[in-house]
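S.K.: In the order they appear, the protein sequences are chains A and B.
Using the numbering used here, you'd call the opening residue of the first sequence number 1 and step up by one each time.
Using the numbering used here, you'd call the opening residue of the second sequence number 1 and step up by one each time.
In case anyone wonders, no lab produced these hints; they're calculated from the structure.
Please read these numbers as outputs of a predicted model, since none were measured by experiment.
Yeah, the Cβ is synthetic: ideal placement off N, Cα and C, and Gly gets one too.
Treat each hint with caution, since some may be false.
[To be verified] With a straight-line cut-off of 25 Å between C-alpha atoms, the simulated DSS-like cross-links for lysine-lysine are:
| no. | chain 1 | residue 1 | chain 2 | residue 2 |
| --- | --- | --- | --- | --- |
| 1 | B | K86 | A | K251 |
| 2 | B | K170 | A | K90 |
| 3 | B | K8 | A | K245 |
| 4 | A | K208 | B | K86 |
| 5 | A | K241 | B | K86 |
| 6 | B | K170 | A | K167 |
| 7 | B | K175 | A | K90 |
| 8 | A | K92 | B | K17 |
| 9 | B | K175 | A | K201 |
| 10 | B | K17 | B | K99 |
[What the hints assert, rightly or not] So the derived list for chain B, only partly shown, Cβ under 8 Å to chain A, looks like this:
| no. | residue |
| --- | --- |
| 11 | R16 |
| 12 | E31 |
| 13 | R167 |
| 14 | F171 |
[To be verified] Just so you have them, the derived chain A footprint on chain B, three or more residues with Cβ under 8 Å:
| no. | segment |
| --- | --- |
| 15 | 17 to 23 |
| 16 | 52 to 59 |
| 17 | 70 to 76 |
| 18 | 111 to 117 |
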Amino acid sequence: MERKGKLRKSVRDQDQEQEQESSVRPFWSGTLTFGLVSIPVNLYPANRESRVSLRMLGPGGQPLSREYYAPETGEDLESMETIRGYEVRKGKYVTITDEELERLAPEKSRDIDLRVFVKRDEIPPLYFKRAYFLTPADKSAKAYRLLAETMDRTKRAGIATFVMRGKEYLVAIFADGGILRANTLRFSDEIRTPQAVGLPKKKEEQPKGLVRQFESAIARLTRKTLDPKEMRDEYSSALLKLAEKKHAHHKDVVETPATRRPEKVVDLMEVLKRSLGQNGKKTKRAA
Amino acid sequence: MVRPEDHKHVGREDIRKGYEIEPGEFVVIEEQEAKKLQPKESREVRFTRFVPPLAVGNEWYERSYYVGPDGDESKYFALAEAVRNKNVRGVARWTMRGKSYAGALLAYDDYLVLIKLRYAEEVLSARELPAPGRPLDAKELRMAEELISALEGQFAPEQFRDEYRDRLMKFVEAKARGKRPRLPTLKARATGASVEDQLAKSLKALKRGKERKVA
Numbered sequence: 001m002e003r004k005g006k007l008r009k010s011v012r013d014q015d016q017e018q019e020q021e022s023s024v025r026p027f028w029s030g031t032l033t034f035g036l037v038s039i040p041v042n043l044y045p046a047n048r049e050s051r052v053s054l055r056m057l058g059p060g061g062q063p064l065s066r067e068y069y070a071p072e073t074g075e076d077l078e079s080m081e082t083i084r085g086y087e088v089r090k091g092k093y094v095t096i097t098d099e100e101l102e103r104l105a106p107e108k109s110r111d112i113d114l115r116v117f118v119k120r121d122e123i124p125p126l127y128f129k130r131a132y133f134l135t136p137a138d139k140s141a142k143a144y145r146l147l148a149e150t151m152d153r154t155k156r157a158g159i160a161t162f163v164m165r166g167k168e169y170l171v172a173i174f175a176d177g178g179i180l181r182a183n184t185l186r187f188s189d190e191i192r193t194p195q196a197v198g199l200p201k202k203k204e205e206q207p208k209g210l211v212r213q214f215e216s217a218i219a220r221l222t223r224k225t226l227d228p229k230e231m232r233d234e235y236s237s238a239l240l241k242l243a244e245k246k247h248a249h250h251k252d253v254v255e256t257p258a259t260r261r262p263e264k265v266v267d268l269m270e271v272l273k274r275s276l277g278q279n280g281k282k283t284k285r286a287a
Numbered sequence: 001m002v003r004p005e006d007h008k009h010v011g012r013e014d015i016r017k018g019y020e021i022e023p024g025e026f027v028v029i030e031e032q033e034a035k036k037l038q039p040k041e042s043r044e045v046r047f048t049r050f051v052p053p054l055a056v057g058n059e060w061y062e063r064s065y066y067v068g069p070d071g072d073e074s075k076y077f078a079l080a081e082a083v084r085n086k087n088v089r090g091v092a093r094w095t096m097r098g099k100s101y102a103g104a105l106l107a108y109d110d111y112l113v114l115i116k117l118r119y120a121e122e123v124l125s126a127r128e129l130p131a132p133g134r135p136l137d138a139k140e141l142r143m144a145e146e147l148i149s150a151l152e153g154q155f156a157p158e159q160f161r162d163e164y165r166d167r168l169m170k171f172v173e174a175k176a177r178g179k180r181p182r183l184p185t186l187k188a189r190a191t192g193a194s195v196e197d198q199l200a201k202s203l204k205a206l207k208r209g210k211e212r213k214v215a
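All chains should be modelled from the sequences, with the hints used to inform the complete structure.
M.R.: Written as structure tokens, this is what we have:
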């Protein structure tokens, strides 16, 4: 669906968002509800970047940076205040404050309100976008545990929409061994049909022999589980190995005064364990 | 890209790439070196194994693509049928523009869909995490189960619309016309009741709702 106009976000906002994603703070804090039961939760990303990122360097090896500036005046954006603008017509912008964005969301829509529970394998994979973990934001974590355990037992996933930072999301909530996970989903108008993609219609009958041939080939290759070794990012690890080898041989190493503060390496798993922490450890010992 | 010290623009042909191995210490990786590490181009999708659907958890999913027939339609639809009959996901690897990908093939209606999967390094597993909270009592569990089954339904994505977007559009248009639409003020949430009370109230409210529907 073609959307009219585009919400232009300030450069500073985007930077903040990226920073947030890699920091120890939760991505979002709010309330998960089912019926009249409310569960305060924190949302953390469940995916981390695997790609080895290379920095752009100048001819002499000095790290370069990107700079944003106003095209008419050439003024550097760092020195200016930036705001959100919405282009209603070409060249005409309406400004929107963060507060307005937040107040536009009706109170109920700021919660993840699980209005319907579906069989957890009923959602077509085409809908899935990003994975998150939900951790309890209250000490007792009682309602959290109750929902997780019940969803585990009944093999259900909860479906909801909610507004986060000026955007509405469709999410599915899953329970996985006592942990609640969230997955953002596409809205149905973002899913293309096979016809829209131009795939041909199936002709009536397939030669039975051919189908059977494929079936037995599949049966020969069928195993019970995934092999994580087969899922590795080989290019990134090769790149990392090369960098380490060159570093050990002092080859092509450029030293520059560290201009920006070194990026904090955050172990997301540790953050999550801590966040599930106090209560989690007790249960483990009890089990 | 600019040199931060004097804001001087550096042209694309002069840019090199480096990996920051220690803060401020870069190992330069030449384009040729990086290219050598890339997998060989190929038009082949290689299946390493087939697994039951639940073996590929949805936390691996990144993006889905329709796979279409390239010439032999009957082979394509026969494979789709075989994948559906066997109720499996095919684990595949392929190379595209110098990168290698992992994916899962599945049957979707009459067609084949390939889900691009995240790399193993990118996926955090819930199984490594401790479950929070204390053991629950049977009564609460029973009530929660009752509540969830009362809220049971089918996945009907077309019932969910991006309503916020519509509100935002209306608000922006009103502002463009020079109006100042009133917005609700934000209120703090009231909490208090115990989980058991909340469950009981929910069930009561649901029952009341159903009775009304029947009447």
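S.K.: Given the hint that K175 of chain B pairs with K90 of chain A, does the C-alpha gap stay at or below 25 Å?
M.R.: It holds: about 16 Å lies between the C-alpha atoms, which stays within 25 Å.
S.K.: Are there three or more residues in the segment 17 to 23 of chain B whose C-beta lies within less than 8 Å of some C-beta in chain A?
M.R.: With 6 residues close enough to chain A, the hint holds.
S.K.: Sort out whether K167 of chain A lies within 25 Å of K170 of chain B, counting only the CA atoms.
M.R.: Roughly 15 Å separates the two Cα atoms, so the pair holds.
S.K.: Is K86 of chain B within 25 Å of K251 of chain A, Cα to Cα?
M.R.: Violated: K86 of chain B and K251 of chain A sit about 53 Å apart, past 25 Å.
S.K.: Three or more residues of the segment 111 to 117 of chain B near chain A by CB distance under 8 Å?
M.R.: It holds: at least three residues are needed, and the segment 111 to 117 of chain B offers 4 whose Cβ sits within less than 8 Å of chain A.
S.K.: Under the criterion that the straight-line Cα-Cα distance not exceed 25 Å, is the pair K208 of chain A, K86 of chain B satisfied?
M.R.: Within the cut-off at roughly 14 Å; holds.
S.K.: How does the coverage statement for the segment 70 to 76 of chain B fare against chain A, requiring three or more residues with Cβ below 8 Å from a Cβ of that chain?
M.R.: holds (count 3)
S.K.: With a cut-off of 8 Å between beta carbons, are at least three residues of the segment 52 to 59 of chain B near chain A?
M.R.: holds (count 8)
S.K.: Need the status of pair K170 of chain B, K90 of chain A: alpha-carbon distance at most 25 Å?
M.R.: Since the Cα atoms of K170 of chain B and K90 of chain A sit roughly 18 Å apart, the hinted pair holds (cutoff 25 Å).
S.K.: Restraint: E31 of chain B near chain A, CB-CB cut 8 Å. Satisfied or not?
M.R.: Interface hint status for E31 of chain B: violated (10 Å vs cutoff 8 Å).
S.K.: Checking one constraint from the list: CA of K92 of chain A to CA of K17 of chain B, max 25 Å. Satisfied?
M.R.: violated, 40 Å
S.K.: Would the hint on R167 of chain B stand, with a C-beta cut-off of 8 Å toward chain A?
M.R.: holds, 5 Å
The structure is inconsistent with the numbered hints 1, 3, 5, 8, 9 and 12, although it conforms to all the rest.
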